[in-house]
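Q: One letter stands for each residue in the lines below.
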Amino acid sequence: MTQLTLAEEHGHIVPYSTFITVWVILLALTMILTYVAKTFHEALSVWAMLTITPLKAGLVFYYFMHLKFEGPLLKAMVFVALSTLVVFIGMLFFDTSFQ
Amino acid sequence: MSSPAAQAHTDLAHAEAHGQAVHRDYAGAKIGMWLFLFTEILLFGGLFILYSAYRAKYPHEFHEASNELNFVIGVINTVVLLTSSLSMALSISAVQKGNRRLSMIFLAATVVLGGVFLVNKYFEWMVKIHHGLYPNGPELLKRKPGEILFFGLYFTMTGLHGLHVIAGMIVLSILLVLLAKGRIGQDDYIKLENGGLYWHLVDVIWIFLLPLFYLAA
Amino acid sequence: MSMAAVAAHAEPSFLDAGERKGLLAWVLSTDHKRIAILYLTAMLIFFLVGVTMGILMRLEQLTMGETIMKAQTYNALFTLHGVIMIFLFVIPGLPASFGNFFLPILIGAKDVAFPRLNLLSWYFFMTGAVLAVTSLFTGGGPPDTGWTFYAPYSIRTGTNVSLAVFAAFILGLSSILTGLNFVTTIHRLRAPGMTWHRMPLFAWSLYATGWVQILATPIIGITLMLVIMERFFGIGVFDPAKGGDPVLYQHLFWIYSHPAVYIMILPAMGAITEIIPTFAHRTIFGYRFIAYSSVAIAALGSLVWAHHMFTSGISDMASLVFSLLTFLVAIPSAIKVFNWVATLYKGSIDLQPPMLYALSFIFLFCIGGLTGIMQGALAVNVHVHDTYFIVGHFHYVMFGGTGFGFFAALLYWFPKMFGKMYNRKVATLAWFPIFIGFNVFYFTMLVLGWEGMPRRYYNHLPQYHTLHVLATVGSWILVGGVLVLLGNFIVALLKGQQAPANPWGGISLEWTIPSPPTVENFEEVPTITQPPYHFNPVVHR
Chain F
0 MTQLTLAEEH GHIVPYSTFI TVWVILLALT MILTYVAKTF HEALSVWAML TITPLKAGLV
60 FYYFMHLKFE GPLLKAMVFV ALSTLVVFIG MLFFDTSFQ
Chain S
0 MSSPAAQAHT DLAHAEAHGQ AVHRDYAGAK IGMWLFLFTE ILLFGGLFIL YSAYRAKYPH
60 EFHEASNELN FVIGVINTVV LLTSSLSMAL SISAVQKGNR RLSMIFLAAT VVLGGVFLVN
120 KYFEWMVKIH HGLYPNGPEL LKRKPGEILF FGLYFTMTGL HGLHVIAGMI VLSILLVLLA
180 KGRIGQDDYI KLENGGLYWH LVDVIWIFLL PLFYLAA
Chain U
0 MSMAAVAAHA EPSFLDAGER KGLLAWVLST DHKRIAILYL TAMLIFFLVG VTMGILMRLE
60 QLTMGETIMK AQTYNALFTL HGVIMIFLFV IPGLPASFGN FFLPILIGAK DVAFPRLNLL
120 SWYFFMTGAV LAVTSLFTGG GPPDTGWTFY APYSIRTGTN VSLAVFAAFI LGLSSILTGL
180 NFVTTIHRLR APGMTWHRMP LFAWSLYATG WVQILATPII GITLMLVIME RFFGIGVFDP
240 AKGGDPVLYQ HLFWIYSHPA VYIMILPAMG AITEIIPTFA HRTIFGYRFI AYSSVAIAAL
300 GSLVWAHHMF TSGISDMASL VFSLLTFLVA IPSAIKVFNW VATLYKGSID LQPPMLYALS
360 FIFLFCIGGL TGIMQGALAV NVHVHDTYFI VGHFHYVMFG GTGFGFFAAL LYWFPKMFGK
420 MYNRKVATLA WFPIFIGFNV FYFTMLVLGW EGMPRRYYNH LPQYHTLHVL ATVGSWILVG
480 GVLVLLGNFI VALLKGQQAP ANPWGGISLE WTIPSPPTVE NFEEVPTITQ PPYHFNPVVH
540 R
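Chains as they are written, first to last, in numbering that gives the first Met the number 0: chain F, 0 to 98; chain S, 0 to 216; chain U, 0 to 540.
These are computed hints drawn from the structure, not numbers from a lab.
Take the hints with a grain of salt, since some may be wrong.
From the structure, some residues in chain U lie toward chain F, with a derived Cβ separation under 8 Å [to be verified]: (1) 214; (2) 250; (3) 254; (4) 301; (5) 302; (6) 305; (7) 314; (8) 315; (9) 316; (10) 317; (11) 320; (12) 323.
In silico lysine to aspartate or glutamate, EDC-like type, Cα no more than 20 Å apart, as pairs [unchecked claim]: (13) S/29 / F/69; (14) S/56 / U/315; (15) S/143 / S/60; (16) F/74 / S/39.
Cβ coordinates follow ideal geometry from the N, Cα and C atoms, glycine included.
Next up, chain F with everything else stripped away, as it sits in the complex (with noise of 0.2 Å):
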């Protein structure tokens, strides 16, 4: 069991320029998101909201949060977390879904 020095973790300090751009790139997909939500018609508007959104909301997780640069053990207790969430509204459209 060896605890992580601070000096190790020196070795990965995510430059400004890596978040700004990642900034940038969220910025733009909630313009898309936007854009198509408005204009279009509501199938291809829920299609953009299922895939663009969790896109940013992983580039937060990936980034911001540091998940990347995390060793696995964090990353699968995420996974199960999130996947957690996913099985219950997947599990209760059993109900809603066939009523």
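For this one, chain F is given, so just place chains S and U on it according to the hints.
A: Frame of chain F, contents of chains S and U only:
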């Protein structure tokens, strides 16, 4: 390792010994914070479960009701929070590089942007409340059930989110003070990282709230 | 591993250590062992309060019509009996008491990962308890909704639902903090050489339980908040008049409350898994199966919640899916039962009190589990839902299971925790009324329910009368035995004999340190080189 057998441990010394151990377990502190974030994800998750069930049940009414929200303010607030996440992340890189002043500036900017978000939200809510479109409000009760639910969920979810923004601002302000005093620095910044994680999650939740409420039309 | 017992008396035990003395030394302490005892004491008091409510309910059922109370009181009693037993005793249960005390010791650590959060969890627990008790006496009176607080009645009733539900919310925070602490502790604080597969199985069970506490509890948190929001602001999510769906309340409620039963049972199973090898003097059969089955139960158990709702109007598709998954979740539980029994085979069985209650656990849990499977069948469920069959079932698993597991753990670990040995003959004698009374009481309920007696009914029809009287008599026998069992411990605290470091001949880490332990548990952090439960055929006394 325990001290010589003859020395009695006071509770305080014991706590300090453990407090120090906790501070030195960087990875453990981070795991603990992520586990806490999972509880927040599931907390809001319950509301997302409700939203998805009711959206499936009342697609048309949700569509109509969404039109009544001002999507421009929604988008502006999204930009505000995304930018606050940027400044939060920059604040951490700055402290890791040993640049305390810059880190404090970015952190303060994060708090300010959080405040801007809340001000926008306040005006948004006030407009709706003024028009009687709030839970048990006179105008809302005249609407169709699906619309009543849309606004019920809107106020509940953005309200709970707003409370988390306030909590986040308080936490970040405390961290700002600690940073100023040198209690957070290049050698020990886990508190700032953990505070940042919380703030980013608040941003992620808003990323989902935007299309659910403002872009459902 | 060296026996530290000889060196022990140089260091004070955790019971005596510290400059601060008295109550403050305890309620401000971040020592996991003291926090465990704070929890244990409070929980046993709440257990007795819950028992009292149960006894009163059974007295009411001695006659048809009014016996000692009016219907409204009866409704309040079964509500509070459920709330207190579930939220103040069974859910905190073994994790808050024995988990807090022994998890760090079992993995060779000095404390949990976040000792101050640990103390905070106890503060939340006590706050929630005080609020729950307050709801008895304030507002519109004690809630009468049942512990499940189903909408729309919970939205509309004038009784003090909001305060009770808020209390449950605070108690949820306590549970979350415990789970978060244990998961982190197990990841970060295992002693050198203690790989995951050398970890005691009680720790594995606490790990699986911790994840359920973290992921499921927030759902009940938001659900309870929504009940309060509905009562105060009328948002409409559970109100049919506004388009809301009360069945969605049930979904959200059970998404937590079903996994909650696995929070209740997994640690008890873990404790049993510690006890059986010790008193069979054999290594546990199928270590990895038991370890992984804990995780499997936690995972699968999160997917079966709607089996509480088969008669609520859910779709046929949902009924099918949830029924199938309910049958599947029995498999990992059964694996544990097979492994425990296999451990006994060719073992040298010593029927000490912990073993007696542990073996009873297996028997009673099987009845509880099998009746659960019966309920999972849709055709059966239609008939037994909301009858005494269900009440019998869950008392078999929660009381026969977790309750007996709790007693077994207490009998096993009491000497270690307090340094005193209780009267073993009395503990064994108490078993008879407990076991006999338990079955007379709850098996009768299974029959009552099978014959159609509904639950939460103040009155009963003449055809059920004899069985109700029988059940009530069983409750007296049971409670008499429980009081003797618990009283025996109190006597032991006051004038029990000094207990040795290893009264049972166990070989996990807790038996290598003094009884009671010192503040930091270990003189030296142990290095682990062997799997757990590697018994030599030598009996320590």
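Q: Where does the structure disagree with the numbered hints, that is, which hint numbers, in rising order?
A: 12
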